[in-house]
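Read off the chains here:
Protein chains: 2
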Amino acid sequence: MDNHIAAVELEKAYRLLNHGPTVLVSAEHDGVDNVMAAAWSCALDFAPPKVTVVLDKATKTRELVEHSGCFVLQVPNAAQLALTQAVGSSSLSAAPDKLQQAGVHLFRMDDYRLPFVSGCSAWLACRLIPELHNQQTYDLFIGEVVAAWADTRVFRNGHWDFEHAGPQWRSLHYIAGGQYYAIGEALHARDGKPD
Amino acid sequence: MDNHIAAVELEKAYRLLNHGPTVLVSAEHDGVDNVMAAAWSCALDFAPPKVTVVLDKATKTRELVEHSGCFVLQVPNAAQLALTQAVGSSSLSAAPDKLQQAGVHLFRMDDYRLPFVSGCSAWLACRLIPELHNQQTYDLFIGEVVAAWADTRVFRNGHWDFEHAGPQWRSLHYIAGGQYYAIGEALHARDGKPD
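Chains as they are written, first to last, in the numbering used here: chain A, 614 to 808; chain B, 614 to 808.
Because the hints were derived from the structure by calculation, they are not lab data. Note that the structure is a prediction, hence the values are computed from the model and not measured. The reader is advised that the hints may include incorrect statements.
Note that identical chains are pooled: a pair holds if it fits in a single copy or bridges any two copies.
[Unchecked claim] With a Cα cut of at most 25 angstroms, we get these calculated DMTMM-like pairs of lysine to aspartate or glutamate: (1) K670 <-> E744; (2) K670 <-> E757; (3) K670 <-> E624; (4) K670 <-> D643.
Work out the full structure: start from the sequences and follow the hints.
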């Protein structure tokens with residue numbers, strides 16, 4: 614494991630997604646790995662931490678999640694703009710070498726049998742909470758976060774530090790048509806309780 | 614209606630939320646208006662556009678949504694940092710003058726019997742799609758967007774224009790403890806199909 618990667622306490626895992634970044638969703642089943650981009654992912658609960666993610670019926674990743682019952686959400690950064698756009702624009706069904714073409718390098722974390730994407734800022738290993746009505750009707754998947762990690766160059770001691778990390782570490786926020794915004798300036802509300 | 618506010622085509626309404634901003638949720642029932650902040654809100658579908666939002670059982674806004682069957686999601690901006698923090702930090706049940714204290718000014722839009730928060734960048738009027746299991750188990754509410762509007766000084770022709778609007782128009786992305794990030798720099802992926 615890369616020596617910049619550190620575990621994130623589960624009770625602070627929601628902070629990795631709280632600012633609404635576009636994520637990469639990865640999963641593996643029966644020896645097949647895949648990665649897709651998803652703008653529609655969100656925190657759902659603090660403890661145990663839960664997340665939602667929308668996985669279209671046309672995606673191969675959805676099939677892997679349904680079969681394996683687990684997935685990883687990871688937070689890509691500005692250095693991964695082309696990679697994020699690439700995995701969000703092609704399907705493994707049509708392009709068997711999709712991951713190679715997109716420049717995705719996968720690695721394993723600790724004892725988790727899950728594919729993690731190298732170079733991201735944060736990773737959340739999730740166990741699918743089966744909710745078939747949501748999955749069928751809304752393409753909406755719910756996961757419980759069972760472990761989380763972040764790169765200490767941009768998230769440490771439970772806090773993002775975008776303002777001191779280089780611009781390549783900024784999270785990506787997708788709009789449409791290849792257009793993203795990077796996360797920007799830190800703002801502090803006066804009556805907030807810092808922790 | 615403010616002459617900077619323009620309707621957003623329903624098929625482009627998802628773009629108002631796609632970059633993951635913290636939103637304000639407002640609702641009215643039986644003459645009682647309320648507004649809360651929610652970092653956990655997300656687009657769910659394109660057409661008809663749908664959204665998710667997590668509403669804790671302790672919030673008064675949730676009660677208003679359950680009774681009225683409708684709500685507004687609005688996208689606040691950096692000029693509304695203190696307002697956003699204030700409506701996210703106190704409850705109408707404990708502070709009956711919450712909205713006044715937070716400096717919230719409400720207005721009505723067209724024929725909608727819903728409270729809209731003045732000064733925001735975008736507004737999505739939503740009809741609750743009752744899903745009692747999600748609401749009870751996960752505090753997760755699903756809405757169909759029935760109409761949407763944006764301030765043309767920051768969103769026009771179906772596109773955010775944060776890069777040319779002033780810094781006060783940047784969307785807010787909450788982390789924790791009063792800490793937010795504003796949305797930042799525009800990035801364009803080379804193989805994206807602009808539209």
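Consistency of the hints with the structure:
no.: 1; hint: K670 <-> E744; verdict: both (15 angstroms within a copy, 21 angstroms between copies)
no.: 2; hint: K670 <-> E757; verdict: both (21 angstroms within a copy, 20 angstroms between copies)
no.: 3; hint: K670 <-> E624; verdict: between (31 angstroms within a copy, 20 angstroms between copies)
no.: 4; hint: K670 <-> D643; verdict: within (19 angstroms within a copy, 41 angstroms between copies)
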